[in-house]
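Go by the hints and put chain B onto chain A.
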Amino acid sequence: MEAIFLAFVLMLSIFLGFELISKVPATLHTPLMSGANAISGITLVGALGSAGAGLDAWATWLGALAVIFATINVVGGYMVTNRMLSMFKKKDSGSGGKA
Amino acid sequence: MSAAFINATYILSAALFIFGLKQLSSPATAVRGNLISAVAMFIAVLVTLLSREILEYQWIVAAMVVGGIVGAVAAQKVEMTGMPEMVALFNGSGGIASLFVGWAALYNTGNTTFTIITVLLSVLIGGMTFSGSIIAWGKLSEVMTSSAIVFGAQRIVNAALLAVLVICGVLFAMDPSLTSPYFYAVIVLSLIFGVMAVIPVGGADMPVVISLLNSYSGLAAAAAGFAINNIILIVAGSLVGAAGIILTNIMCKAMNRSLANVLFSGFGAVKTATKVEGEVKPIVADDAYLILEAAASVTFVPGYGMAVAQAQHVVRELGELLEANGAEVTYAIHPVAGRMPGHMNVLLAEANVPYDQLVEMDDINPRISNVDVAVVIGANDVVNPAAREDENSPIYGMPIINVDQARTVFVLKRSMASGFSGVDNPLFFGENTRMLFGDAKESLSSVVAEFKN
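So the sequence lines, in the order shown, correspond to chains A and B. Note that the numbering used here gives residue 9 to position 9 of the first sequence, counting from 1, and the numbers run on in steps of one. Just add 1000 to the spot in the second sequence (first one is 1) and you have the numbering used here.
Hints listed in this document are in silico derivations from the structure and should not be mistaken for laboratory results. Quick caveat, the model's predicted, so the values are computed rather than measured. Note that the Cβ used here is the ideal one computed from N, Cα and C, for glycine as well. Watch out, some of these pointers could steer you wrong.
Said to hold, decoys possible - Coverage of chain A stretches by chain B, computed from C-beta distances (three or more under 8 Å per stretch; other residues unrestricted):
| # | region |
| --- | --- |
| 1 | 3–14 |
| 2 | 29–43 |
| 3 | 47–56 |
| 4 | 69–78 |
| 5 | 82–91 |
Stated by the list, open to error - Simulated pairs of lysine to any residue, SDA-like, Cα-Cα distance not exceeding 25 Å:
| # | chain 1 | residue 1 | chain 2 | residue 2 |
| --- | --- | --- | --- | --- |
| 6 | B | K1022 | A | A53 |
| 7 | B | K1022 | B | R1052 |
| 8 | A | K90 | B | D1363 |
| 9 | A | K89 | B | V1039 |
| 10 | A | K23 | B | T1330 |
| 11 | B | K1022 | A | S86 |
| 12 | A | K23 | B | A1015 |
| 13 | A | K89 | B | L1321 |
| 14 | A | K90 | B | L1046 |
| 15 | A | K91 | B | P1366 |
| 16 | A | K90 | B | E1360 |
| 17 | A | K23 | B | N1249 |
| 18 | B | K1253 | A | P25 |
| 19 | B | K1022 | A | A57 |
In isolation and in its complexed conformation, chain A is listed as follows (with noise of 0.2 Å):
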């Protein structure tokens, strides 16, 4: 049953992702991608678990190369769309950003 739960969440968010989606402008389709990215990064939640459980001893290390690989792409993900997004001005409003 718990697998069923599951998979039915999985159906909605799919679902629930194209239609947040489908209306991104081609202008934001870069820093969309990239701010996704840092999403998909959630699987650093799993790896704090595998780390930290005080499982048998390889398990804590691939748990340990796992957040270190996830906080890679979590920190570095959401800082580079961060960067890139304040560089998106209308005009007139000032200049700024990286020149």
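Structure of chain B alone, referenced to chain A:
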């Protein structure tokens, strides 16, 4: 903290992810959207850290510090032109993390066969995402050749690889011991499969691959979520998976090709396009200046060549001078211009071009005949009229920006070499086309200098 409380907090976190993604769909709210999504991530990580299941913190803290520093430094240092490579690497890192999470889940007690299958899926998708992303990075940064690598028995090899992978997976699922050689075989084969999936894709098709890998990194996280029974991984992972699929689809449509065609066929293998002949009309910067000075509307059409020449800043400078001169200036961007979706938009945004001047292909085409001068900078296939007229052309049917219908077209180009697809471009021989040969940045700088005199 109890599991019930943690799961309740995950609901909040999921709602914030959704809200953040929604706000990412408009340039005015996108910065906030990204921050909301980051807050969602922070909340999810925080409650997980406070969970009763986590007994030791030393590894976690060390790993998070290392990962955080690497990610932050990379995000700060990367040049905007290097963004496709960066996104590829971040994708790869998410993929390998999901592979490790799935692997570690084998050490949990009481795994059902269903769990074992989801572990295998997270290893497969995560591994493919990782090795595929590394290859994509190699192609984009030109560490390796960016053209398609195809060989005769490629499909047979891939099919065999997949078959062996499935067999190993089944054998492991029947007897899931921690030391099973089949499990290691699945890991290795997944990595090889990722490599095989990306090598036959050429440089100009990279926007499709990058969005597809983006989708995979989300699906890998969702699979890992099934493996460890964690609902927030499933929700966030599948949102990303869906986002990547949509982008992939948009990119394929913009090239009028099916996903299968992009992934398996190695573009440019057959070239039977009608040979175009004619005379090109070169122009020098002085004359280009005179024409631009008299123009009432100018449209820039950038392509990957603009990124290579780092010409975005001088383009913006020329654009501002033209506006000061009374011309209406727009930047028309083809969906697959550059090496990833939206690549040109980011480069122009970096050069301080306001986003309301960036127009999409479908907006510019109906009014292109009223444009006095269309300036094509380092774009080729996306403005090739053969896509519209020559049924024999390999790019026939691909929607293009119809610059040949503008009153005058300037094409900035290094030499007469054909574009990535190796297709001749009749645009260069057009009645109203003037070729401005040389480095795009230098050519434009000379025009800018003329304006300032």
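For each hint given before, does the structure comply? Return the numbers of the non-compliant ones in rising order.
6, 7, 14 and 19
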